[in-house]
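Colleague: Next come the chains, spelled out residue by residue.
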Amino acid sequence: MSKRLRILIAKPGLDGHDRGAKVIARALRDAGMEVIYTGLRQTPEMIVESALQEDVDGVGLSILSGAHMTLVPRVLNGLREAGLEHVKVFLGGIIPDEDVPRLKELGVVGIFGPGANTHEIAEFVRQQLTED
Amino acid sequence: MGDDNGLVTQALAGKRYALARLISQVEDDGETARAALAALYPHTGRAHVVGITGSPGSGKSTLVNELAKVLRGQGVTVGVVAVDPSSPFTGGALLGDRVRMRDLSGDPGVFIRSMASRGSLGGLARATGDVIKVLDAVGFQVILVETVGAGQSEVEIARTAHTTIVVEAPGMGDEVQALKAGLLEIADVLVVNKADRPGAANTARALELVINQNAAHDEGRWRPPILQTVALNGQGVPEVWEAVVAHRQYLRESGLWESQERARVETELFNVLREELLNRTLARVGRERVQEWVTRIADRQVDVYTAAASIIGG
Chain S
55 MSKRLRILIA KPGLDGHDRG AKVIARALRD AGMEVIYTGL RQTPEMIVES ALQEDVDGVG
115 LSILSGAHMT LVPRVLNGLR EAGLEHVKVF LGGIIPDEDV PRLKELGVVG IFGPGANTHE
175 IAEFVRQQLT ED
Chain Z
2 MGDDNGLVTQ ALAGKRYALA RLISQVEDDG ETARAALAAL YPHTGRAHVV GITGSPGSGK
62 STLVNELAKV LRGQGVTVGV VAVDPSSPFT GGALLGDRVR MRDLSGDPGV FIRSMASRGS
122 LGGLARATGD VIKVLDAVGF QVILVETVGA GQSEVEIART AHTTIVVEAP GMGDEVQALK
182 AGLLEIADVL VVNKADRPGA ANTARALELV INQNAAHDEG RWRPPILQTV ALNGQGVPEV
242 WEAVVAHRQY LRESGLWESQ ERARVETELF NVLREELLNR TLARVGRERV QEWVTRIADR
302 QVDVYTAAAS IIGG
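Residue numbers (the numbering used here), protein chains in the order written: chain S, 55 to 186; chain Z, 2 to 315.
Hints listed in this document are in silico derivations from the structure and should not be mistaken for laboratory results.
Hints are all accurate, no fakes.
Listed below are several chain S residues computed to face chain Z (Cβ distance under 10 Å; list not exhaustive): (1) Arg60; (2) Ala85; (3) Gly86; (4) Glu88; (5) Glu103; (6) Asp109; (7) Ala136.
Only part of the chain Z face toward chain S is listed, based on derived beta-carbon distances under 8 Å: (8) Ser88; (9) Val100; (10) Phe112.
Every residue gets a Cβ at the ideal spot worked out from N, C-alpha and C, and that includes glycine.
All chains should be built: construct the whole structure from the sequences, respecting the hints.
Modeller: Here it is in structure tokens:
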């Protein structure tokens, strides 16, 4: 029996727009994954704790506030410190092109902006999470 | 085999990620999970398992959040298992109960796990009982189990929990709804949540009427108290916990705690035996021969009972 993929979808930071996060949560659910949705205004610590308790394979972060260069490294470090370095992190929201190389260098596996196709995102996530 | 990667040892020593991994194993039901459950079993039987059920939107998650806060205030450790439905078509699930449990974040005395129902009916997942055992074994004193938003027939929680809280909200149905069999009959504690909304007193009265009728012919039996809460701000929630504690005392003093435990274990044993015997029979007879029987039954050459007797008989 193949294991069901479990993904945490979280919205760190203070902006209150979770439409995108909900669309992605829904798309991943429709792709057969178990999606744990945490809601708005999660701190990096809260996200790491949820990822640990839920034993997820991946974490999707939605950030529209522009704080991604602060928040993403804190989530990645937190995961590492918690022994969750195998958990893949992907990112959605408003991310300027010039930040993309640095974020990927830090370990983000995929970055999706407005207008990204939800089927493609789901397929990408599945491939990333079943790789190893 | 046995303790894969020492997960059981680590989880018993309080390592939270080991606990999370163990729960995943149990959910996925492998051989390793069975070995782990066998190793954990002697450590179980200490927790008070409390089920929370009710219609979608009645406020179950919010009540769980507030109950956990009351318990933490008393220094009691809390495991939470929150079940949401899996899609019957894709197998995917959106598990959203954590949204209302953010207050519990960062507390080492709390562990929350979301579970997809994975095709199980009855408001719980197949593995919920085993996940409860894992949380019990590692020492959580109270385990709050939130069911899928239940209708009128999802009563499996009553067989799983020691105490079942049924959550209602005003405006969700009239007295006739309350008279129907199902959820109300499994309630040990009844909560009318959103009591700040119009109609709460009416709902409570309607419930009272039904409970009175039910209780009329059962002297000395537990009578489910009806409590009003506004879970969103915690109002009335300490009283709910007091009622749960009173119910636990009643179970202990009446001897029901033991007899219900026995009944629970018996059901569990029969379920496992049923599954195991089915698997063994299918393995012995072989998939193809079973399919031949299916064809003959569908063609009306033989009925299911005769077919089953023949298959078991050889």
